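> Here is how the chains run, residue by residue.
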Amino acid sequence: RKEVEQDPGPFNVPEGATVAFNCTYSNSASQSFFWYRQDCRKEPKLLMSVYSSGNEDGRFTAQLNRASQYISLLIRDSKLSDSATYLCVVNGVNGGSQGNLIFGKGTKLSVKP
Amino acid sequence: DVKVTQSSRYLVKRTGEKVFLECVQDMDHENMFWYRQDPGLGLRLIYFSYDVKMKEKGDIPEGYSVSREKKERFSLILESASTNQTSMYLCASRLSRDVNYGYTFGSGTRLTVV
Numbered sequence: 012r013k014e015v016e017q018d019p020g021p022f023n024v025p026e027g028a029t030v031a032f033n034c035t036y037s038n039s040a041s042q043s044f045f046w047y048r049q050d051c052r053k054e055p056k057l058l059m060s061v062y063s064s065g066n067e068d069g070r071f072t073a074q075l076n077r078a079s080q081y082i083s084l085l086i087r088d089s090k091l092s093d094s095a096t097y098l099c100v101v102n103g104v105n106g107g108s109q110g111n112l113i114f115g116k117g118t119k120l121s122v123k124p
Numbered sequence: 003d004v005k006v007t008q009s010s011r012y013l014v015k016r017t018g019e020k021v022f023l024e025c026v027q028d029m030d031h032e033n034m035f036w037y038r039q040d041p042g043l044g045l046r047l048i049y050f051s052y053d054v055k056m057k058e059k060g061d062i063p064e065g066y067s068v069s070r071e072k073k074e075r076f077s078l079i080l081e082s083a084s085t086n087q088t089s090m091y092l093c094a095s096r097l098s099r100d101v102n103y104g105y106t107f108g109s110g111t112r113l114t115v116v
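Protein sequences, first through last, are from chains E and G. Its first residue numbered 12, the first sequence is counted upward by one per residue in this note's numbering. Its first residue numbered 3, the second sequence is counted upward by one per residue in this note's numbering.
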């Protein structure tokens, strides 16, 4: 099982739609979780951290399910500017990756007018 | 905000050349990282450094080396560039090894080896 797995998409949604991405991680000992956003040909940028109790930032809601080892990102009222690739990120706990962040390959979102 | 600056946005080099990619961060971060990103393969860790003079191999260190003589600067060196090293190279930094801190990335260097 890969350390961090995401559906690559693309998710094609109309403006105003609600869209959700899931991500699974392999190591139950992971402690920190993030969502990053990456625009085409740009660097990844931190979107939000994911806390155990779930957290919200405007139209974005992140949830963590430790029992099932998955993280979700919900985007409400999608905007054209939300079009990007969303990377699920988890801290590594094994060997050389311990303490470093492990990045999923990303889920591509395209919001259409 | 932390700024991570990569010296070149685009670079074209010839096979066999020695290539230096420079990365500088301005917020006294301890940890620095070099990744490459290729379509379908995601971000792959090349080397990282937890502090000055320290360096550790990542997942794909072959053909690369690094230097961290000063805390703010982390250099990636391609000893003898090859066409399979054509890629987007991303530098990142983090305040410390505390797992609650995320990474801040530079804007990337798109390297083409011909």
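It cannot be assumed that every hint is accurate.
[Claimed, not checked] Within a straight-line C-alpha distance of at most 20 Å, the following computed EDC-like cross-link-like pairs (lysine to aspartate or glutamate) qualify:
#1 5(G) to 18(E)
#2 116(E) to 32(G)
#3 15(G) to 81(G)
#4 119(E) to 40(G)
#5 56(E) to 100(G)
#6 55(G) to 28(G)
#7 55(G) to 32(G)
[Claimed, not checked] According to the in silico footprint, chain E covers these stretches of chain G (three or more CB under 8 Å from chain E):
#8 73 to 87
#9 102 to 109
[Unchecked claim] Some chain G residues near chain E, calculated using beta-carbon distances under 8 Å:
#10 50
#11 92
#12 99
Hints were generated in silico from the structure; no laboratory data involved. All of these numbers come straight from a predicted model, not from anything done at the bench. Idealized CB from N, CA, C, for every residue including glycine.
> Each hint needs a verdict: does it hold in this structure or not?
Checked hints:
For the hint linking residue 5(G) to residue 18(E), the alpha-carbon distance of about 31 Å lies beyond 20 Å, and the restraint is violated. Of the supplied pair hints, the one linking residue 116(E) and residue 32(G) is violated, its CA atoms being roughly 26 Å apart against a limit of 20 Å. A distance of roughly 12 Å separates the Cα atoms of residue 15(G) and residue 81(G); the hinted pair therefore holds under the 20 Å criterion. Taking the CA atoms of residue 119(E) and residue 40(G), the gap is about 15 Å. The hint holds against a cut of 20 Å.
Pair hint residue 56(E) plus residue 100(G) holds up; C-alpha atoms about 19 Å apart against a cutoff of 20 Å. Pair hint residue 55(G) plus residue 28(G) holds up; C-alpha atoms about 18 Å apart against a cutoff of 20 Å. Restraint check for residue 55(G) and residue 32(G): the C-alpha separation of about 11 Å stays at or below 20 Å, so the hint holds. For the stretch 73 to 87 of chain G, the stated coverage by chain E is violated: 0 residues have a C-beta nearer than 8 Å to a C-beta of that chain, whereas at least 3 were required.
Three residues within the 8 Å Cβ limit are the bar, and the stretch 102 to 109 of chain G against chain E gives 7, so the coverage statement holds. Proximity of residue 50(G) to chain E holds as hinted, the smallest CB-CB distance being about 7 Å (cut-off 8 Å). The beta carbon of residue 92(G) is positioned within 8 Å of a beta carbon in chain E (closest approach about 6 Å), and the interface hint is therefore held. Annotation: residue 99(G) was flagged as interfacial toward chain E, and the flag holds, the nearest CB pair being 5 Å apart, inside 8 Å.
Consistency note: the structure conflicts with the earlier hints numbered 1, 2 and 8.
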